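Number of protein chains: 4
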Amino acid sequence: MNVVSYHPGPDELSYTFGGRAPVGRVRPGTILELFTEDCFGGRVTSVSDLPSQVCEFPYLNPVTGPFHVEGAEPGDTLALHFVSIAPARDHAWSSTFPLFGALTGTHTTATLQPPLEERVWRYDLDLSRRTALFQARNSDYTVELPLDPMHGTVGVAPAANEARMTITPDAHGGNMDTTELRAGVTVYLGVNVEGGLFAIGDGHARQGEGEVCGTALECAMNTVVAVELIKGVATPWPRMEDDTHLMSTGSARPLEDAYRISQHDLVTWTASLTGLDLLDAYQLVSQAGRAPVGNVCDTNYTMVAKIPKACLDGPEVYESAHARLRELADAYRA
Amino acid sequence: MNVVSYHPGPDELSYTFGGRAPVGRVRPGTILELFTEDCFGGRVTSVSDLPSQVCEFPYLNPVTGPFHVEGAEPGDTLALHFVSIAPARDHAWSSTFPLFGALTGTHTTATLQPPLEERVWRYDLDLSRRTALFQARNSDYTVELPLDPMHGTVGVAPAANEARMTITPDAHGGNMDTTELRAGVTVYLGVNVEGGLFAIGDGHARQGEGEVCGTALECAMNTVVAVELIKGVATPWPRMEDDTHLMSTGSARPLEDAYRISQHDLVTWTASLTGLDLLDAYQLVSQAGRAPVGNVCDTNYTMVAKIPKACLDGPEVYESAHARLRELADAYRA
Amino acid sequence: MNVVSYHPGPDELSYTFGGRAPVGRVRPGTILELFTEDCFGGRVTSVSDLPSQVCEFPYLNPVTGPFHVEGAEPGDTLALHFVSIAPARDHAWSSTFPLFGALTGTHTTATLQPPLEERVWRYDLDLSRRTALFQARNSDYTVELPLDPMHGTVGVAPAANEARMTITPDAHGGNMDTTELRAGVTVYLGVNVEGGLFAIGDGHARQGEGEVCGTALECAMNTVVAVELIKGVATPWPRMEDDTHLMSTGSARPLEDAYRISQHDLVTWTASLTGLDLLDAYQLVSQAGRAPVGNVCDTNYTMVAKIPKACLDGPEVYESAHARLRELADAYRA
Amino acid sequence: MNVVSYHPGPDELSYTFGGRAPVGRVRPGTILELFTEDCFGGRVTSVSDLPSQVCEFPYLNPVTGPFHVEGAEPGDTLALHFVSIAPARDHAWSSTFPLFGALTGTHTTATLQPPLEERVWRYDLDLSRRTALFQARNSDYTVELPLDPMHGTVGVAPAANEARMTITPDAHGGNMDTTELRAGVTVYLGVNVEGGLFAIGDGHARQGEGEVCGTALECAMNTVVAVELIKGVATPWPRMEDDTHLMSTGSARPLEDAYRISQHDLVTWTASLTGLDLLDAYQLVSQAGRAPVGNVCDTNYTMVAKIPKACLDGPEVYESAHARLRELADAYRA
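Protein chains in written order, with the working numbering: chain A, 5 to 338; chain B, 5 to 338; chain C, 5 to 338; chain D, 5 to 338.
It should be emphasised that the hints constitute simulated quantities derived from the structure, not laboratory data.
What you are looking at is a predicted structure, and each value in this text was computed from that prediction instead of being measured.
Mixed in with the good hints there might be a few duds.
When chains are identical, the list treats them as one kind, so a pair holds in a single copy or across two.
What the hints assert, rightly or not - Quick list of in silico lysine to aspartate or glutamate cross-link-like pairs, DMTMM-like style, CA-CA up to 25 Å:
1. LYS313 - ASP334
2. LYS313 - ASP128
3. LYS313 - ASP130
4. LYS235 - GLU60
5. LYS313 - GLU122
6. LYS313 - GLU148
7. LYS313 - GLU184
8. LYS313 - ASP281
9. LYS313 - GLU198
10. LYS313 - GLU16
11. LYS313 - ASP152
So that you can see chain A by itself, here it is in the shape it has in the complex:
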């Protein structure tokens, strides 16, 4: 088994997808043990560290990578199986941020009202009990929430020679901020440039759907990823697979377009897997599908479209990459 560990120093972090040389090369079949810094670059260390003061634009939402996957060429698909996602610290941070979030005017939904107060919350994480403690800032209210670690950001170098801030989700992946991206999930990303150049970041100890205030329980992570390459199979938008479901994603504005992209991809994917014609597949997804909200706060919004594999008669997708990566993960853990 080929296991590679990588813990980037502060200067090795990336802030764009595209436009950056790889930090390493991996062969398909590799297990990667990665450290990812939190979205604040680790600079928020107390509730008085306001992100707008301790962080410096555009050095936000760092990702670990990019990694060049040997043999990956445009038209292929990378499969990244998340073996485990473990908080690297015993606490996480969340905050409001001026003119960012769903319930505030922003730089694009521009209003003349003053920004909301910038405020930071500390969450103590109990990794054995799998809980995070919400502590109000202006009262003594506390409540325990279940841990549900995930990565907000995963992606590859975009097409068309673009370089995009890691904060932006689009067809190349990026900051989708979907709670579906948990351990046990395989993410499929279409390759746009030689080597694919994937990177991962923005760990969340947990997140509500939509990430309404703009941040989650932001946390550095120790994450293990198993890497595969499916040659000659293209993927138009990021997809996901777990043991029970297939998922498509879409990232756009307005939010209904994110919904449309994800549902359209799931309908056409369903048709190709089942032999249903387009309208029959549309009907099946309409009745059997779910639509978990990713983010409604980033520069593009993200929706997921999700269908039980049981509805598709046990489809084989991506040359059974998910099953093979599950086995590899089991072997790694053993």
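Dock chains B, C and D against the given chain A, drawing on the hints supplied.
Then chains B, C and D, alone, in the frame of chain A:
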């Protein structure tokens, strides 16, 4: 116990919220046994009955009601507890409809492309096994889906002397098409006119999130509703409560505004229930909340914002109407 | 010549399209001399009269009417030619309004920020010099702006037994707030109910495009309208015609859908007038058309699509209603 | 006078803003004589050359540049005065393009309908009479339209180390496709990287507002630009100035956000130029402003906000760069 049964004839159905005299008067505390017709008015009886031919605009999406609740005045809230929602037939119908649905140009998202094919699907329902059978029209593909009966449409007469087609969801309720509106749920609706004038319709044997093709498993229903009135408590947008969660809704376009309305209402409601200040409540909802998509096909889109009551320290809401209605429902079933 | 004058008392004003008995009946060919109150119902009489205090929801944006046009039936079109629009007072009022306007959070674009300050501006009108004087509230800055009187609101009773607040523009017309609706323009409105039931209000001494703060130079008006009826010709969305241009409108959210509706209508109208096929008409409108913004602040946004008649080879539209109404207006003025 | 001419070869064209080395360096005060290729890269040479066949993604919408302006640093502003924009050929091309345009489903407004027909139109240009001839493809309908040459695309390297396809308008400029960008206009662009790295392309012999079908009268251009640099003055979004008006732009989705950005910028700019407080400036722009639509077809939509300088009491902006560049242009022409 005051139990009232009502099975409307075809001429007694309503097609608007507002602008219509009540079909009956009920006292708070009443159990209502209702029959609701399907969204096609029962006119689709085979897969060759195309809705655009057998139905006549605007006689679509009929509702049963409106009912005048004695004592209800503007500024009060109606609580409608859905005791049971049972398919009234052994089959349901679904269809595409020209220029309606999320993955087609529509009358507002106007395009020059010809409409998608109009096609009807029949679902056989197995009420004992709680399944519905999807049967493709252009192949022999079939798959069983779980029943999950719900009502797409519930609402009251709107404010400001408006009358709105039942197809439109807004602050008065209407065609929200959320899968969360199941048996066991209490819906709270702000009263805008004397008597409130609530009505219910658009039963679905099941529905995917977003109702992407524009229709669900459309089915007449035998539905039992327990009615309560909370005096002097206003409700800005429809809310829901079940045994474990509180829910706010928002209906608007674009979809992010439906999300904003629902999350805004849940944040301010959370603040009022917990004593948290607005930003602390924003933070808590951001991390603990969910955002189930209602519809992304109707004239307004609908989102639900949802938080576990456990996160709110067992709040008392609406004078414990849900608990009381649960008891009433239990007594009724006994 | 049949000339009818109507000056409604405060109790005769209407606040919805639909759901209201007519205030009068007119025959096609009638000249109507109308008084319309301003959007504040005349209650703002000094800069210290804050609209949210002196006005009472839903008694905002009153219209004069509705008028029953004899012989009008569903499927016909009303033609309303605006002969003249004259400010009825020597001053106009404008204001911000809490949670209303394009550069503020609103009830639907819900944010947690406090509303903007509510502030009232008085404009002195010089009717001989055709100017209005902007006077800043917090400095001594003044500037003269040209008068350009228009009506924000014109419409008929909606289809489908709906009644809509006058503030909302939709397929029936309503509060479109387009600066194109000046004297010299003929407005075409599709008839949905017997008599059509048109009404007019919301005079503006002038308005910027989009009405960004939510109000214009709000002013009572003495307005003269010439009324015609085109039998058997339907109109899907309000259209306008002046001596040089044809115009279509669309009202929806998001704003691109208002654009799509208006452009789609102008393309299909162009095709029907010129014999161009749909794509050739699409191309011609794409290059020759303009798209004046109506409002970006109301419950639906409005866009206008506009093409020179010269590009359409002198089309005859609506049985030359505009030319005939121009002649009638000339005769009236003579 | 420093005059530089540059006619790029096919291999020297650029397809992104950012991520590309400069093709030349210019000093402030330079007059640049540029050739720009059309958006099809000159590959459409007959109506049977379908763009989707003769062009190759992502080699669409080429720009001439980027140019490094000596001394330009982040926080400065480039002023580009368009001295003249002259069609370089005696004809222009327009077309539909599969899944592109406002009245069709697209890759983001994803629908299941087949794309519209791809069709090409040739326009003969009469440069002396200043007309372009529309010729229908499916009939013998023709009409002359006035020439109104403009550039759809102008911009600088984006902030945050991004590289963006030239087709996308955003805060760095790009494919705004506004008819306001004519000869006689000065464009102000905030500098994000050393040298600014501006580029220009996508000439249109004329364009309708919104560019509804997705393309205009696409034409290679001989364009003369006068370049200035304003040190230490930042510009958040592209602005424009002509002899009579100041203009702000915004590019985003949905279209109302493009409107909000542009109006917000114009309001705050107005406040800074006049000393009006924010609400007084909001009021003045609301009544005196116009909002010409840029594009409603690109990956972001664009709106312009525009106010007469006369309303602002003859403001001095950008150190009178426009007046100085006008003089330079006059000297060049002399």
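Each hint tested on the structure:
no.: 1; hint: LYS313 - ASP334; in the structure: within (22 Å within a copy, 37 Å between copies)
no.: 2; hint: LYS313 - ASP128; in the structure: between (37 Å within a copy, 21 Å between copies)
no.: 3; hint: LYS313 - ASP130; in the structure: between (34 Å within a copy, 22 Å between copies)
no.: 4; hint: LYS235 - GLU60; in the structure: between (40 Å within a copy, 23 Å between copies)
no.: 5; hint: LYS313 - GLU122; in the structure: neither (43 Å within a copy, 27 Å between copies)
no.: 6; hint: LYS313 - GLU148; in the structure: between (33 Å within a copy, 12 Å between copies)
no.: 7; hint: LYS313 - GLU184; in the structure: both (16 Å within a copy, 23 Å between copies)
no.: 8; hint: LYS313 - ASP281; in the structure: within (18 Å within a copy, 44 Å between copies)
no.: 9; hint: LYS313 - GLU198; in the structure: neither (32 Å within a copy, 50 Å between copies)
no.: 10; hint: LYS313 - GLU16; in the structure: neither (39 Å within a copy, 43 Å between copies)
no.: 11; hint: LYS313 - ASP152; in the structure: both (23 Å within a copy, 19 Å between copies)
When each numbered hint is compared with the structure, violations occur for hints 5, 9, 10.
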